[in-house]
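Q: Protein sequence lines correspond, in order, to chains A and B. Under the working numbering, the first sequence has 151 at position 98, and the numbering climbs by one with no breaks. Under the working numbering, the second sequence has 297 at position 147, and the numbering climbs by one with no breaks.
One or more hints might be untrue.
Said to hold, decoys possible - In the DMTMM-like style, the derived pairs of lysine to aspartate or glutamate whose C-alpha atoms are separated by at most 25 Å in a straight line are:
1) 152(A) / 283(A)
2) 167(B) / 97(A)
3) 211(A) / 67(A)
4) 152(A) / 268(A)
5) 74(A) / 157(B)
6) 167(B) / 109(A)
7) 176(B) / 261(B)
8) 252(B) / 169(A)
9) 72(A) / 283(A)
10) 252(B) / 243(A)
11) 213(A) / 254(B)
12) 152(A) / 157(B)
13) 167(B) / 78(A)
14) 74(A) / 150(A)
15) 167(B) / 157(B)
16) 152(A) / 254(B)
17) 211(A) / 111(A)
18) 176(B) / 184(A)
19) 213(A) / 184(B)
20) 211(A) / 169(A)
To be clear, the hints were calculated from the coordinates, so they are not data collected in a lab.
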Amino acid sequence: MRELAPGAITESEEIAKLKEKLQRDIRRSAYVFRVDCGGCNGCEIEIFAAISPVFDAERFGIKLVASPRHADILLYTGAMTRAMRLPAIRTYHATPDPKIVISYGACGCSGGIFHDLYCVWGGTEPVVPVDLYIPGCPPTPAATIYGFALALGLLEQKLKTRHQVQGRDDAVVPAHPRIPLRMRIDLEREARRMAGYRQGRIIVERFMRFLESEDPIPFAERLAAYLAHEDDPRLTEIVARLTDVAIQRGLP
Amino acid sequence: MLKLLKELLRTGDATVKYPFAPLPVKPGVRGKPEFAGQRCIACAACTIACPATALTMATDPAAGTRTWQLDLGRCIFCARCEEVCPTGAIVLSDNFELSVRKRDDLLMTAEFTLTNCRTCETPFAPAKEVGYVIALLVRAGMPEEDAEGRRAQLETCPGCRRHADVARISRTSLVRLAGLPA
Chain A
54 MRELAPGAIT
64 ESEEIAKLKE
74 KLQRDIRRSA
84 YVFRVDCGGC
94 NGCEIEIFAA
104 ISPVFDAERF
114 GIKLVASPRH
124 ADILLYTGAM
134 TRAMRLPAIR
144 TYHATPDPKI
154 VISYGACGCS
164 GGIFHDLYCV
174 WGGTEPVVPV
184 DLYIPGCPPT
194 PAATIYGFAL
204 ALGLLEQKLK
214 TRHQVQGRDD
224 AVVPAHPRIP
234 LRMRIDLERE
244 ARRMAGYRQG
254 RIIVERFMRF
264 LESEDPIPFA
274 ERLAAYLAHE
284 DDPRLTEIVA
294 RLTDVAIQRG
304 LP
Chain B
151 MLKLLKELLR
161 TGDATVKYPF
171 APLPVKPGVR
181 GKPEFAGQRC
191 IACAACTIAC
201 PATALTMATD
211 PAAGTRTWQL
221 DLGRCIFCAR
231 CEEVCPTGAI
241 VLSDNFELSV
251 RKRDDLLMTA
261 EFTLTNCRTC
271 ETPFAPAKEV
281 GYVIALLVRA
291 GMPEEDAEGR
301 RAQLETCPGC
311 RRHADVARIS
321 RTSLVRLAGL
331 PA
C-alpha cells in the first residue's frame, strides 16, 4: 500500500459503528454521488450503462444524485490526481455521515495503469478510507451491479486472498506430446498472424486438440463437422491455412 | 389502452435478472485471470508483458524462492499474460464478480523454489523452468541422455558460465599460441 497523501482522512470508531448500522439498514434506498478524480471517462460510461433499463440499478433503489449532500454512497473513479486530492476530500466532508465509499475501476482501486505516474497519489485509498473495491478496466455493468449488491448486503463476497506454494516435485511437461515441435511452432505462428494473439491461440489450441485426438472418425471429417457447426467464414479460412501448414510439416 | 398492453406484452422485460439469477456471458469475455500454479514455470514472461504491472515477481535469495503476485486491483484484463504464457498457466475466465471489501482480497500470490547455481551456490533460476527447458529439448529431438547431460550447464548461473567460458577460451588459445597439442 502507498503512503497516505497529505490531508488523508481516517475514520473514527464512532463513524465506523454508525456505518455498520447504515450497511444493515440501508437496504433499498441508496443515493450515489460520483467523484471523477482523474479517470478516462470509461468508468463513467459503464456506470451510466449500469443505470440503463437493461441492468436497471434502480431496482435496488440506487439513484445517482447531483450533490454530495444528498448521497449515502460515494463512488470514486479514476486515479487520484494531485489536482483532485482536495476536491475529493471536500466531497467526503460534504457528504453526511455515515457514508459508504466505493473505489471504482482499476484506477480507483490502486491507480491502475497510472499507479506510478508523477501526478497521481495512486488510487482512492491514500486519500479517503474505502469500504468496497470494484476492480475492472472498466468494470462491466454486471460487475458494477455486483459491487452495489455487495455494498447493500444483497450478495456475499466471492474473492479471497490466495497463496500457492510450489509442491516438492512439481514439473511441467510441454503440451501436445503427439505433435512435432516444429509443426506446433509453425501452426501457432500462422494462427497468431491470421487472428491475433488471443483468438489465434484459442483457434490453434482447438485445432491441435483435433489433430491429437484418437477419435476413429478421420481428422478431415471431424474438422469439417466442426467448421459446419461454427459456420464462420473467417474461422474456415484460418483453419484451412492451418491445415496447409500441418500438411507442409508432414501431416499424413 | 389495449394497444399499449399488447405492445408491452410484445416487448417483454428488457431488464436482466442478475444478480438474482446468473448472468449469461458472451464468449470472449475477459474476466478474472485464472492462474494454475502447477502449470507455471515462473519464467516471468507475464510480468514483463503486463502493461499495468498488475503481475510482479520478487526474488528472495535468502529463502531461495521467487514469489509471483497478481494484483486484481491493478489488472486491466487485457489478456497479454495469457498471450505470452508458454505453458498456458494463466487463462482469462469469464468471472466478473470481483468486488471485495478488503484490498488484500484482490491479491493472489504463488511461491516457487529456485535452483542453486552449481558453482557459486546462489539461487538464480526456478527449478521448474530448468526442468521445462530440458523437457523441451527432448521434445525438439535431442536424445534424452544428451538433454540430461546439459543439466550441469543449465544449472549454472550466467555469471559463473561466463567465468568458465573465459577460463576455457584462454586455456585453449594459450595452448594454440604455444603450438602445443590440445
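Q: If a hint holds in the structure, say so; if it does not, say that too.
A: Hints, one by one, checked against the model:
{"no.": "1", "hint": "152(A) / 283(A)", "in the structure": "violated (50 Å)"}
{"no.": "2", "hint": "167(B) / 97(A)", "in the structure": "holds (23 Å)"}
{"no.": "3", "hint": "211(A) / 67(A)", "in the structure": "violated (29 Å)"}
{"no.": "4", "hint": "152(A) / 268(A)", "in the structure": "violated (61 Å)"}
{"no.": "5", "hint": "74(A) / 157(B)", "in the structure": "violated (44 Å)"}
{"no.": "6", "hint": "167(B) / 109(A)", "in the structure": "holds (10 Å)"}
{"no.": "7", "hint": "176(B) / 261(B)", "in the structure": "violated (34 Å)"}
{"no.": "8", "hint": "252(B) / 169(A)", "in the structure": "holds (22 Å)"}
{"no.": "9", "hint": "72(A) / 283(A)", "in the structure": "violated (52 Å)"}
{"no.": "10", "hint": "252(B) / 243(A)", "in the structure": "violated (44 Å)"}
{"no.": "11", "hint": "213(A) / 254(B)", "in the structure": "holds (8 Å)"}
{"no.": "12", "hint": "152(A) / 157(B)", "in the structure": "violated (42 Å)"}
{"no.": "13", "hint": "167(B) / 78(A)", "in the structure": "holds (24 Å)"}
{"no.": "14", "hint": "74(A) / 150(A)", "in the structure": "holds (11 Å)"}
{"no.": "15", "hint": "167(B) / 157(B)", "in the structure": "holds (21 Å)"}
{"no.": "16", "hint": "152(A) / 254(B)", "in the structure": "holds (22 Å)"}
{"no.": "17", "hint": "211(A) / 111(A)", "in the structure": "holds (23 Å)"}
{"no.": "18", "hint": "176(B) / 184(A)", "in the structure": "violated (30 Å)"}
{"no.": "19", "hint": "213(A) / 184(B)", "in the structure": "holds (13 Å)"}
{"no.": "20", "hint": "211(A) / 169(A)", "in the structure": "violated (29 Å)"}
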